[in-house]
Structures are given as C-alpha cells and as structure tokens.
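**Student:** Residue numbers (the numbering used here), protein chains in the order written: chain A, 3 to 328; chain B, 737 to 1063.
These aren't lab readings, by the way, just hints derived from the structure by calculation.
Fair warning: there could be bad hints in the mix.
[Said to hold, decoys possible] With a Cα cut of at most 20 Å, we get these calculated SDA-like pairs of lysine to any residue:
1. B:K1004 <-> A:E197
2. B:K992 <-> A:E266
3. B:K1004 <-> A:L257
4. B:K784 <-> A:R267
5. B:K992 <-> A:E263
6. B:K1004 <-> A:D225
7. B:K1004 <-> A:E139
8. A:K176 <-> A:K151
9. A:K151 <-> A:E139
Since this is a predicted model, take the numbers as computed values, not measurements.
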Amino acid sequence: MAESVLSIRDLRVTFQTQMGELCAVRGVDVDIAAGEILGVVGESGSGKSVSFLAAMGLLPATATVTGSVMLDGVELIGAKKKLVRSIRGRLMSMVFQDPLSALNPVHRVGDQIVEMIQSHQKIDETKAFARAVELLEIVGIPQPDERAKQYPHEFSGGMRQRVVIAMAIANNPKVLIADEPTTALDVTVQAQILEVIQRVQQSFGTAVVLITHDLGVIARVADSVNVMYAGRNVESGSVQDLFDHPSHPYTRGLLSSLPQEGIERLVPIAGFPPNMLAPPPGCGFAPRCPHVIQSCNASLPSLVPFEGLMTSCIRADELRIGGLRS
Amino acid sequence: MNMQSQAPLLSVQNLVKNFELRASKGLRKSKRIVQAVSDVSFNVSTGKTLGIVGESGSGKTTVGRSILQLITPTSGRIFFDGQDLTELSFEELRVVRRQMQIVFQDPFASLDPKMTVGTSISEPLVVQGISGDHQDRVAELLDLVGLAPDHARRFPHEFSGGQRQRVGIARALALDPKLIVLDEPVSALDVSIQAGVVNLFGDLQKRLGMSFVFIAHDLSVVRHIADDVAVMYLGKIVEIGNKNAVYNDPSHPYTKALLSAVPLPDPKVERLRHRIMLEGDVPSPVNPPTGCRFRTRCWKATELCAQTEPELVARATGQQSACHFPE
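Generate coordinates for the entire structure from the input sequences, incorporating the hints supplied.
**Tutor:** Structural data, given as structure tokens:
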C-alpha cells in the first residue's frame, strides 16, 4: 500500500454542552494516499464532518480533540496555532456544502483567490491574479479572465462551487477535504462538480476526502470508503469490496434502504441513531441492529480484517451473507 | 396518458403561473416576469401516483401548490373530481380542500412547536367543523402512520425527523383525502429513515386508495413510488408517461441526461456507464430561451429548436415527449 499523506489515529472529539459531554467522534482512524479519493459516508450525526473539521483545526473551543493527525509527517493535534494556520489552506484545504457562505459577497472572486494565494506564498499581485485566472480555467469556468472580475452573486450555484474549489487548490494542497460538496446542487450540476474533483485529483495527485451521505456519489468517484456510524468507522475498504460484499449490518442496512430498479419494497433500518450524550456501551449500531446478541453490548468493537474489508461487527463471520441482494 | 372511460380524479389543463418581480433600476421601476409554470397539463387517476421530477427552478413545487390553489394560477384549469377549482369561491374551496392535502419537505417547519402532536393532527378536523372528541381518530391516525397513540401528548421537538414527517402525514390523512400532494416529503431525511417513509406511502395508498402527486428531485425515489412520471424543465413538461417507459426508454434528451447524471450505488455500473454531461446551468426562468427551452444545453439542438417550440407528442414506447429530435 502506498504511503499515507494523511494519517489519523484514534481521533476523539467531545463537546462540552449544557446537557453534558457529547462524544461526537469516538476513536477514528483514517489513511489516505496521494492521488486517492476516500469516500466517507454516514448519516447526520455520524461524526463524518466533525472528524475532518477536527483534523483541519476548525472546531470551536468547546471541543476537546485527542488522538493523532499526521499530515505529511507533521503532527497537527496539539501543534502551535501558527503551524496549523500555515498548513491549513496550503497543505490541506477544505470545500463545504454551501459555496455562497464560503465566499465573501463584497469582493471579486479573483481577488479572493489572490488573497488565498498571497496568504501562503510571496508572490506579487499581478502574478497571483494570473494564477487565479488559471485556477478558474482549471475548474472549468468559461472566460476565466472576465469571470475573475465578477462578484459571487453573479455566479450560479455550480459555478460558485467551482470557484470555491479553485480557492481550495490555489496552493497545490496535498489533501483536499470536500464536505458534501454537491449536496446543495442539482443532479446535472453535481455530475459536473464531481468531474472537476476527479480532474483535480488526477492532474495534481491530490488526495481527496469526499464526505457525503450519498452512496451513489461514493460508487461513482471513490477508490476507498469509510462508513461511519455513531462516531466510529464501522466498515472500510475498497469501493469494489464494500459494495460487492458489505459485511457490517449497518452498511447492508444503508444499501437496502436505497430504492433501486426492480426492488418492490425497501428495507429501512429500524429505530434511529443513538443520543451521543449517552452512547451505547458496546457497538453503536446494536440498538438498531437486526442481528444483535448479548455480547454486542459488552464493549466497543474495533475494526478487524474480514474478506478484504475492515469491519467492526463481531458477528461478521457468522452473518456472512455474500452479495447484498442475492 | 391513457384515456380511461372514467374521468381522472385530477386534471390539470394548460396551467400557467407567472410571478412578477419588481426590480428597480435607478429611479425607474421595471417589471420582470418569472414564468414559473407555462402550459402544463396532466391527469392523475384514482389510487395512482404521478411523480413530478425536475431540477431547481423547473416549476414542480409551483405546480403542486397550484393544484391546491395555495397560489392562484395565472391561467389554466384544474379539475378535481369534476369541479374546476379555479372558479370556486374561497368558501367553496374550503369544502373541496377536505379532499386534498399537502405534505411539505420540512416536517419541523410545518408543525407548531407549541402544540402537542395530537392537537396538530386534530386541527384539520376542527377547522372543517367536525364536532366531537377527536382522541380516537388521532390514535387511529397515529397508528396508521406507524406511531403509538401516546405520542399524541408529545411535542414536535421530542420526535426525530422521520417521526415528525409521519406526524405531518397523519395530519394530512385526518380528513380522509382523495389526493395528497407530497412536496419533497423525504428529501430532508437520512436514507435509512427515508426508506420507512417511502414504504409508508405505498402502504397507505394500498389501504386507503388515495392518489398522490409526488414531487421530488430524487429520481430513484420517484421511480420506486410512482405509476406515471412527468419530467419538468424550466416550467414545462418535457416528457410524461408510464414510469417504465420514461426510465427505460427516455425519449427527451433532457430526461436521458438527467437519468445518466444520477449516481447509482453500484461501482461496477458507475464506472462503465456512458454519461451525458450537460454544459452549464439551467437558464433563468425570467428570460427563457426561445423555442425549446432545453436547446441551450442540448447536444442535438438545431436552428429549428430555436424557432419552433416542440409540442408533446406520443412516442412508440408509450410516453409523450416534447422534442424535435427524440431518441
């Protein structure tokens, strides 16, 4: 396996809230190599966004973050703020769901990209602007030299997301984290943005973390997948293996919830996700799992190798069902 | 759509809805008109589901609200059970509305946070002047949507998103409607929860026999739940017909592109599949393209498409589509 450019170990995030301590992330490991697209899938509250906000050092002071985040050999957890600031936006950058809130409405988009470049590189205004235009062209914005002089409101949703991606790759980051980058977009525009992300990954060898709730998006562009539930990775592996023989009951439940051609009746997952103020003592999925047994509640299961995947179900071997809808 | 001997429950004919935008340029005020829906017609039979799909700005939500006269159409007729709703007075409409309900996307916004769920569900009964104690009916409705009778005493914040949407559905069912407009009813829900609500719609239709107009941007969900599908683009229906015809043999280039853009949860299929990548975004409905509205993004467009607007024409595969160069 290629060396990881980003390596996260035992990441834990807790928030101090009025109702007590909320355990949003409870021991997550992530490895991603250069030029790889890692899909992180999970439902609301699974901790998928929080994990990567923590890695970026973007969580508020109410959050306690422990564990290790190694970016290109440099430890970020507990690092000086100045170091984290110099890395964020340069070696590792992030794209969010809503491009409008990521852009300043009163500045021209070109100038915003210039600001991004100049905050990390000593480069004069004219050169930086030329680079901004070049970046807009890379992300597929027509007439980039004219568009660079326009304001965010003059762009459509899809075009704005392209601008945000241009900003994110302005300093050739090693890792690009895209948090639900296409969720707010129409499906035909989503297809365009996914293509831009793939193009960036292929032309610059950027490692991309694609956070999404859409298994279809994962199937289309990701090389490997982490499935998150209740603040843990419950299953991970290559896209082919995961869709071919999902082993964790949660992954299987997610897939069987999706409407697909020829399926008469969907199979939802019973119940709802646990309250993370008081997470279950054992497997986080146990309260909703159709295959739960006594020992599932005993202790938090960890990821173990199983049929080419890493799965955290203690019954994976017994429950081997092979293909999802055989 | 196939003409049956029986009149359809709902018949929308030549529906047009324009919204006026007042934009001021300096001291002069100019009026701009958004053509949200232009000349849309379709029928929905008793016990059937029509899915309306389209991207943002396609006019699908405006169609849904016009059916219930929540917004007044600019022109066109809406026949419900033989009555033209556009000609009714407010009082007459209130009586007919008993038969038609709507469920919105955001279940939290559509429930009063200070009202118990039981009160919310029984409110339509009160509004319609049905006297008596509604407790039994509320319990029955909660049971129908898969909630427990004692949930009636709780408040919306005590429920999860999926449960709240079930409450919204229970309220819509309170008056035994013949038609429910479902406007993106599952888009705010996580997939594992969404599946349960989608199943619920199917079960309710089987048991109670009402019709649905199911508005959604998620093509897979619509395929699962609908009998017929209408594909909308910039205020027009570009293709309409039996779902199998539309999904298996799309005739309009837009339908084809839309279907090919939907990511399917199967990496093998995804990586081999030919995708039609549409250029650009949907144009503004303030100033839609002349002729065919899709022509600015269509790979087949010619001079003819700019000059003459194509009409919906029946195709060999059963559906109707509005294209000069159908697939």
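**Student:** For the pair supplied as a hint, B:K1004 and A:L257, is the alpha-carbon distance within the 20 Å limit?
**Tutor:** Since the Cα atoms of B:K1004 and A:L257 sit roughly 15 Å apart, the hinted pair holds (cutoff 20 Å).
**Student:** For B:K1004 and A:E139, compute the direct alpha-carbon distance and say whether it is at most 20 Å.
**Tutor:** 31 Å, violated
**Student:** Does the structure keep B:K1004 and A:D225 at a Cα separation of 20 Å or less?
**Tutor:** 12 Å, holds
**Student:** Decide if the proposed pair is consistent with the structure: B:K784 and A:R267, CA atoms, cutoff 20 Å inclusive.
**Tutor:** Roughly 17 Å separates the two Cα atoms, so the pair holds.
**Student:** Given the hinted pair A:K176 and A:K151, is their Cα-Cα distance within 20 Å?
**Tutor:** 28 Å, violated
**Student:** For the pair supplied as a hint, B:K992 and A:E263, is the alpha-carbon distance within the 20 Å limit?
**Tutor:** 16 Å, holds
**Student:** For the pair we were handed, B:K992 and A:E266, check the Cα-Cα distance against 20 Å.
**Tutor:** Violated. B:K992 to A:E266 sits at ~24 Å, over the 20 Å cutoff.
**Student:** Holds or violated: A:K151 with A:E139, Cα cutoff 20 Å?
**Tutor:** 14 Å, holds
**Student:** Measure nothing beyond the straight line between the CA atoms of B:K1004 and A:E197; if it is 20 Å or shorter, mark the hint as holding.
**Tutor:** 17 Å, holds
Figure legend: structure checked against the earlier numbered hints; hints not met, in rising order: 2, 7, 8.
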